[in-house]
Amino acid sequence: MTTMTDPHQGSFRLSMLIYDSRYRSMTIQIVALIGFLTLIGWLISNTAQNLITLGKEPSFGFMLEPAGYDINQRLLDYDSQDSHLRAALIGLLNTLLVAVMGCLAATVIGVVVGVLRLSKNWIVSRLMAVYVEGFRNVPVLLWIVFAMAILIETLPPPNAFRGENPEATMKLGETVAVTNRGIYIPEPLFSRGIGDAHVFGDTSLRFDVSLDLIALASVFIAGLLISGLINRRANATQNATGVRPTVWYWRLAVVVLPTAILLWVLGCHMGYPELKGFNFKGGTHMRNSLIALWAALSLYTAAFIAEIVRAGILAVSKGQTEAANALGIRPNKTMSLVVLPQALRVIIPPLISNYLNLTKNSSLAIAVGYMDITGTLGGITLNQTGRELETLLMLMLCYLIISLTISGVMNWYNESVKLKER
Amino acid sequence: MKKTVFLGALTVAGLAAGASAAATLDDVKARGKLNCGVTTGLVGFAAPDANGHWDGFDVGVCRAVAAAVLGDAEAVEFVPTTGKTRFTALASGEIDMLARNTTWTLSRDVDLKFTFVGVNYYDGQGFMVPKGLGVSSAKELDGATVCIQTGTTTELNLADFFRANNMSYEPVPIETNAEAQQQYLAGACDVYTTDASGLAATRATFEAPADHVLLPEIISKEPLGPLVRHGDNEWGDVVRWTLNALISAEELGITSANIGELGAAAGDNPEVNRILGTEGNLGEMLGLDAGWAKAAIMAGGNYGELFEKNIGENTPIALSRGLNAQWQDGGLIYSPPFR
Amino acid sequence: MSDLSYVRAEMLPEKAPPVSTSGAVGWVRENLFNGVGNSILTILSLFMVYLVLSALLPWVFSPTWNAASLNDCRTILAGHEGACWGVINERWPQLLFGFYPNGSEEGTVDQRWRPILTFVLLFVAVIPVLFNMISRRMNWVLLLGALGIAFVTRGGVLTMIIGVALLAGAAYVAFQLFNTNKVDRAEEIASGAKRLPNPLIFSAVFPFLAPWLLWGGSIWGPIGALLGFVIGALVFRAVTAVAGSLMGIIAAVLSAVIWWLFLMGGFAWAMESIISLGLEPVESRKFGGFMLSITIGVVAIGCSLPIGIVLALGRQSDLMIVKSLCVGFIEFIRGVPLITLLFVASTLLNIFMPPGSNFDIIVRVLIMVTLFASAYMAEVVRGGLAALPKGQYEAADALGLDYWKAQRLIIMPQALKISIPGIVSTFIGVFKDTTLVSIIGLLDPLGLSNAIRADANWNGVVWELYGFIALMFFVFCFSMSRYSMYLERKLRTDHH
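Chains as they are written, first to last, in this note's numbering: chain A, 5 to 426; chain B, 437 to 775; chain C, 13 to 508.
Bear in mind the hints are in silico, worked out from the structure with no lab data behind them. Where hints are given, some of them may not hold.
What the hints assert, rightly or not - Some chain A residues judged to face chain B by a derived CB distance under 7 Å, without partners named:
(1) L58
(2) G59
(3) G72
(4) Y73
(5) D74
(6) S84
(7) I156
(8) P161
(9) N184
(10) R185
(11) G281
(12) I370
(13) N387
(14) G390
Unchecked claim - For lysine to aspartate or glutamate, the following EDC-like pairs were computed, each having C-alpha atoms within a straight-line distance of at most 20 Å:
(15) B:K465 x C:D372
(16) C:K335 x C:E391
(17) A:K285 x A:E178
(18) C:K417 x A:D24
(19) A:K60 x A:E394
(20) A:K285 x B:D578
(21) B:K469 x B:D668
(22) A:K60 x B:D547
(23) A:K364 x C:E343
(24) A:K285 x B:E606
(25) B:K469 x C:E117
(26) B:K469 x C:D372
(27) B:K465 x C:E295
(28) A:K364 x C:E391
(29) A:K280 x B:E606
(30) A:K280 x B:D578
(31) B:K567 x B:D647
(32) A:K285 x B:E576
Model, not experiment: these values are computed from the prediction. Built from N, CA and C at the ideal position, the CB exists for glycine as well.
Taking the hints into account, I'd like the entire structure generated from these sequences.
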């Protein structure tokens, strides 16, 4: 803060390190650095000494030993003979899955609730206030436990689907089963599929890529691109002649037809869930632990986001709404075209930190038995190997990378929606 | 300014805790309190009552050691530990011994460097299923959803069992027994697996215990016992022989009822005399006073009394002695001689 | 003109508005049924409220308050659905105070007045810092009253006398307070009437008093710690006059640290041997329930405030190395979940400390939660600093104040005032996050609920405990957030 410049003096004296503002900042910084390095050195030497006493030399070799435990929700293939590293990877993917799902859902719920809180309907705005205050003022850990308990207690167990006159039946024409173990839905299968590509061979980082899905995606994207091309040509014609040729059916056809043909070639059919043995088999399903965690995290975070959205909307000056009304724009359109875009600038920065909070809160997944990275690497692996230092270092590093990435991406977005001052 | 809240906390509370030097026995004596690690709560084994007074089978062992060393069964600080924190708490010296139904395994002994001083409960991992499921053997559980308590050896045993029998299953890992119980009762899992004692304790508190059966298979050996750090053999001996004293007391018929009489003067049975300190100098060898074992037994009774009071057939948990009967009665509970 | 009889000569009286737009009906029409969409929303909402209440109320009102076990409850309810409130009846003191000595063990006395007194005093100490709405005298009435009641209820002749004296003092000040008019008093003060000492003095003493009350032990330890600050302040004054404020700060910090590290122990020991004055020590292991949550929350916020200010200043400074150290620390802490920091506290912190040192889990948790809170606090303070108009910095420079003086006299008082709502919401966040300590085995309310279920009588009780805990948290957090909102409004109007 000091902006004064001292008069130049010919000779250098030691006391200038403190009294001369040119050198003083250097002195302070060097002292701070030395202090910091001493602290770090002290911590490291303590740790080294203690670890030698305990007889635990730090090493990450244990990560390649078989984990020995099973994980229920695995986005990649895994069994108990895979390494701890693989288990950590599965956990990391689960963390990312619930974080992404949670952020999306929280945003949607938060925006809706935030807008409804400003509704003129008294009972609706009150209810929303009750929701927001209720969720914001009770610890998220309790909400997670609550959500799980509600799912378990209110939904029917698979057993209830059994027998002549079952207590529960499958929904949507016998295709979807809602149980207290999860929700089972049909999945697409390929009878003439072209198989999977195996990446990274047999290592802990291996994963399979379904070539069917890649083929489908590429055909679909190619269709979209061609459709875009047709659109551009139509635009060009319109610009040149003033008459726009009718091309929508062409555009639809190039997207839908090749995809449909490919689906037929691959022999796509739906696999439906059905009750076999103890559980529903077939189809794909979302486990209760994921649903509970997802619901609790997104409802909790949405309560904060709703307040942010509300504050953002209120921050847009009333003149904007009135101007929109004067232009004859309808109230719904005013909200989506005039108010929300302007409110976004106020909303985005606190939104970032709420996304970060959600991701970090997902580490409470162990409370409902969702195997995220805290449950695998920081949970069972830590318990079984007794390698606290190594596992916790890796765990923190993972979260740090996720957090920094999120804030990086969102800061970039923030930069791009900033008011452009020319 | 408020930095000193922390300083105050450090000075007042921090200095109270002792150092984790080798001579644990001296530390405990100097402190006047035994720091004993227990679970955060497990029916029958360790739980605080409404006044914060801890009770249970594991707690009984802690109290016996405190009585042997300090002469006061109440001179124990109970440190609740989780599956994750128990070993670090012991390794770092925060607790002097751990009595938290911990399974004795090679890797815990050798790799984590702890000394298991004995076994106070022979357990094994079992399965509980609702009767309505019609399952009579664990081999029929292919495809079942299994609730497991995490942070234990349980999940490893389970993975091994299903792999060995070439069956598939869906693990539902759960942090606490209470939540596992809730999920199991609601039908969110078909099977609940944990130590057989835990299953029995859990079933005992159900509204209709008869609707649930324990499957005959016990898929693992779970010898549960108290443990101490490697490298302090004197302290390990104290804990080991306190446990043995409780066991021998039952074998020799020393109970909390007749101990006053037996311990008053040397009697006919030399081993009883040696245990109760009326003959020989066993206490001195351990670095304790002569009445150490007497105090330990008086703390909560002998092994059998502890068992009956906390988890025995007259309690809601209603465990039978089974493997945990004395060796003369066909069990595995056996103490080396006091000589 | 008089024959124009069809022209009204006087105004008609105003008619009441039609029933449909005024009164309850009008309100309902205006607010609930103004349009098809809104009507549907209203009906849906009402239906939802009905569903929730009809499921909840019969459960909540269940006659089980005196049941002694879950089986008792089942007998009382005889097959009906209903809560088992007996568990709350039996365990609520435990949920509030944890294992704090309650006199049930032989040879102990009920010590629970200490946390209660600390809690009350916390409010008295915080009021002059946060509220600006009660008078100095009112504050002293509260303080003397609280201490007086505490002394009187302790029993014993001496404490009784002190307590009565304190209460009499409180009554006297209260009498004066009610006897003088606000406006008159303001005039008196303006004309130089004697005032009571500033209650901020007590706020400064409280951080030393509170640990002593909670943890007990000799009173000379906290007094010694307090003396360190006094010595630091004296040295700062003396050295600043001679060698400038930077040297002053360095000398003050050094002298205080030397006092704490080398001299304080001796002082406390010497004083203790002369006059032994103390409370029965209570180990931090005995802390539990809401008392533990509040202790962790308050200690973390209290300690994190100075650290947060330093970090925020470091982050704002032009010194590259200092800045990057601060940014690194803040981003690291904010980038990892609290639970991993708690795992560090429970499993690693002892490894980082010199061999042989060992402090118990609650102190370790306090350290990690403080570090956690200080990163967030730094961001709050930074927001306050950024919100200050640039003119304030420039004016301070123009007055020729150096950096520390400018911070101390101009910048910080204003920046901290703006940050109070942020500080309160950080506190709410930390307070809620204290539930995480149950995962590492501490017996906070959630951890206790688990321990309670391990009692064979209550095995299987879930909702009653969680509901009670959630309600308690809600009451605490909601009132604090309301207060923070009120403050925000007040601060906002101050600007215009």
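If you test the structure against every hint from before, which numbers come out violated?
No hint contradicted; all consistent.
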